[in-house]
Amino acid sequence: MALLETRGLTAFYGDFQALFGVDIALDEGETVAVIGANGAGKSTLLRSISGLIRNVPGQIRFDGREIGGLAAPDVLQLGIAMVPEGRRLFPSLSVEENLLIGRYGRVGNGAWSLDAIYDLFPVLKERRHQPGTALSGGQQQMVAIGRGLMSNPRVLLCDEVSLGLAPVVVRDIYAAFPKIRATGASIVIIEQDIGQALKVADRVYCMMEGRVTLSGTPATLSREDIHAAYFGAHAR
Amino acid sequence: MNWIDTIIQGILLGGLYALFAAGLALVFGIMRLVNLAHGDLIVLAAFLILLLVSALGLNPFIATAAALPVMFVLGWAMQFLVLNRTLGNDILPPLLVTFGLSVVIQNGLLEGFSADSRRISAGALETASLQIGPISIGTMPLLTFLSAVGVIVALNLIFYRTSLGRAFRATSDDSATAGLMGIRAERIFATATGLAMMVVTIAALYLGTRANFDPTMGPARLIYAFEAVIIGGLGSFWGTLAGGIIIGVAQTVGATINPEWQILAGHIAFLLVLLVRPRGLFPRAVD
Numbered sequence: 005m006a007l008l009e010t011r012g013l014t015a016f017y018g019d020f021q022a023l024f025g026v027d028i029a030l031d032e033g034e035t036v037a038v039i040g041a042n043g044a045g046k047s048t049l050l051r052s053i054s055g056l057i058r059n060v061p062g063q064i065r066f067d068g069r070e071i072g073g074l075a076a077p078d079v080l081q082l083g084i085a086m087v088p089e090g091r092r093l094f095p096s097l098s099v100e101e102n103l104l105i106g107r108y109g110r111v112g113n114g115a116w117s118l119d120a121i122y123d124l125f126p127v128l129k130e131r132r133h134q135p136g137t138a139l140s141g142g143q144q145q146m147v148a149i150g151r152g153l154m155s156n157p158r159v160l161l162c163d164e165v166s167l168g169l170a171p172v173v174v175r176d177i178y179a180a181f182p183k184i185r186a187t188g189a190s191i192v193i194i195e196q197d198i199g200q201a202l203k204v205a206d207r208v209y210c211m212m213e214g215r216v217t218l219s220g221t222p223a224t225l226s227r228e229d230i231h232a233a234y235f236g237a238h239a240r
Numbered sequence: 163m164n165w166i167d168t169i170i171q172g173i174l175l176g177g178l179y180a181l182f183a184a185g186l187a188l189v190f191g192i193m194r195l196v197n198l199a200h201g202d203l204i205v206l207a208a209f210l211i212l213l214l215v216s217a218l219g220l221n222p223f224i225a226t227a228a229a230l231p232v233m234f235v236l237g238w239a240m241q242f243l244v245l246n247r248t249l250g251n252d253i254l255p256p257l258l259v260t261f262g263l264s265v266v267i268q269n270g271l272l273e274g275f276s277a278d279s280r281r282i283s284a285g286a287l288e289t290a291s292l293q294i295g296p297i298s299i300g301t302m303p304l305l306t307f308l309s310a311v312g313v314i315v316a317l318n319l320i321f322y323r324t325s326l327g328r329a330f331r332a333t334s335d336d337s338a339t340a341g342l343m344g345i346r347a348e349r350i351f352a353t354a355t356g357l358a359m360m361v362v363t364i365a366a367l368y369l370g371t372r373a374n375f376d377p378t379m380g381p382a383r384l385i386y387a388f389e390a391v392i393i394g395g396l397g398s399f400w401g402t403l404a405g406g407i408i409i410g411v412a413q414t415v416g417a418t419i420n421p422e423w424q425i426l427a428g429h430i431a432f433l434l435v436l437l438v439r440p441r442g443l444f445p446r447a448v449d
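Read top to bottom, the protein sequences are chains A and B. The opening position of the first sequence corresponds to residue 5 in the numbering used here, with each subsequent residue numbered one higher. The opening position of the second sequence corresponds to residue 163 in the numbering used here, with each subsequent residue numbered one higher.
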């Protein structure tokens, strides 16, 4: 059985329906990428899993439990941490404090500590006493990822980590993912950068207009299939 | 020499106003909640101390120590059960509800303790003083001031050196993202109000031993607290001490010139500071 799965997940913002029966699954130790254009429902999917949006309890299951109805702090405590879109560092906190707050709600079993994060992203150590918001976009993203890891999550949800960053910076950040995987964490990555997503993921889901339109392993998916699922051209 | 004496008395009085203000600043800084019942809660705490002193014959300082956890629990419950429900994008509900609480507390105290004005006796300490050269400093005013400094140092340590303080600041920045860190905003807010009520209790000890108090005098204390917070710049604890001192000195200087001017001089000083520094003396970076 999958570690984390959604079954027919629906989500709403008021009267607006954003997800129409999404089924995805993540196995222990696996990295899954969810790709799709703006407004496809990728972020809504992660916000649903992380508890920022409440859903029907049985539509999201983690480790055999129904978690769709839980609030964000309860979801974190079970071992699902989120790196939110736009990084969302706390402006009143220094870089180190931003990392430390990552373990406020949970200190799971695992390798992650301040020192381990500084090993992963050495530049953060030099700047640890500066306000989080004084850093460059790429460094802020490193803090956001480190903050998510500090709770030693079983599942790390990453929402658009490459958004607004230069390609060379994106490469630096993605270079960290093999090391994160090596600690045993399962990862869900949301990306608009398809090339990056295909490189790190074991499996890929493509979403469009609140539905999964394509899924498979990077090796089996052709560019044309992805293009069709992404933009809706030649939809089957 | 008379002037130096006046100013020192004013500074020490400022310590009392800083104690009134620190709890207000704490709550406002974390959840942007303006508690209009703050002054009445100080008076409530003063009656609680009075009750412990008169019923159990406790020393007022020991009675205050006993009242601290009681007031923490009261503040925690008040925030968790009532005030959390008023927080949101609309600023009116918390104002209305705390205004209602203010009325309820005043009338509850009137019912329970009558309208008589009371005082907490601190025994020989009340009249004790230190003689430094030609200036005599009352022991109780000095203790008040030192307590204010102690409270502000403690609040700063909690805010900037502890895990709880990080959670306070993170929740204040962005409570949704704080939730992703496992921080439960409703409990953080309750803990903050509990802490504020402990500061209120310390303020109540010095309010009650310094002069007479009665159930209706809360709102006037609220005004001084507000003025000190705003002079200091919203969200800075040391700023509230500076604000308290400015009001205290203005009041004692005003009273020396003409006793009728005491209260007015404090308010005028507040308006003058606002005129020159509309965001207060030590505003927090960006709000």
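FYI, nobody ran anything at the bench for these hints, they're computed from the structure. In this text, a Cβ means the ideal position worked out from N, Cα and C, and glycines have one as well. Hints should not be assumed to be uniformly reliable.
Here chain A is said to cover these stretches of chain B; the calculated rule only asks that three of the stretch's residues, wherever they fall, bring their Cβ under 8 Å from a Cβ of chain A [as the list claims (entries may be wrong)]:
#: 1; region: 321 to 329
#: 2; region: 337 to 349
Short derived list, chain A residues pointing at chain B, Cβ under 10 Å [claimed, not checked]:
#: 3; residue: LEU56
#: 4; residue: VAL60
#: 5; residue: GLY62
#: 6; residue: ARG65
#: 7; residue: SER96
#: 8; residue: ASN113
Results of checking the hints against the structure:
| no. | hint | verdict |
| --- | --- | --- |
| 1 | 321 to 329 | holds (count 3) |
| 2 | 337 to 349 | holds (count 9) |
| 3 | LEU56 | 6 Å, holds |
| 4 | VAL60 | 20 Å, violated |
| 5 | GLY62 | 22 Å, violated |
| 6 | ARG65 | 20 Å, violated |
| 7 | SER96 | 4 Å, holds |
| 8 | ASN113 | 16 Å, violated |
Against the hints set out earlier in the document, violations occur for numbers 4, 5, 6 and 8.
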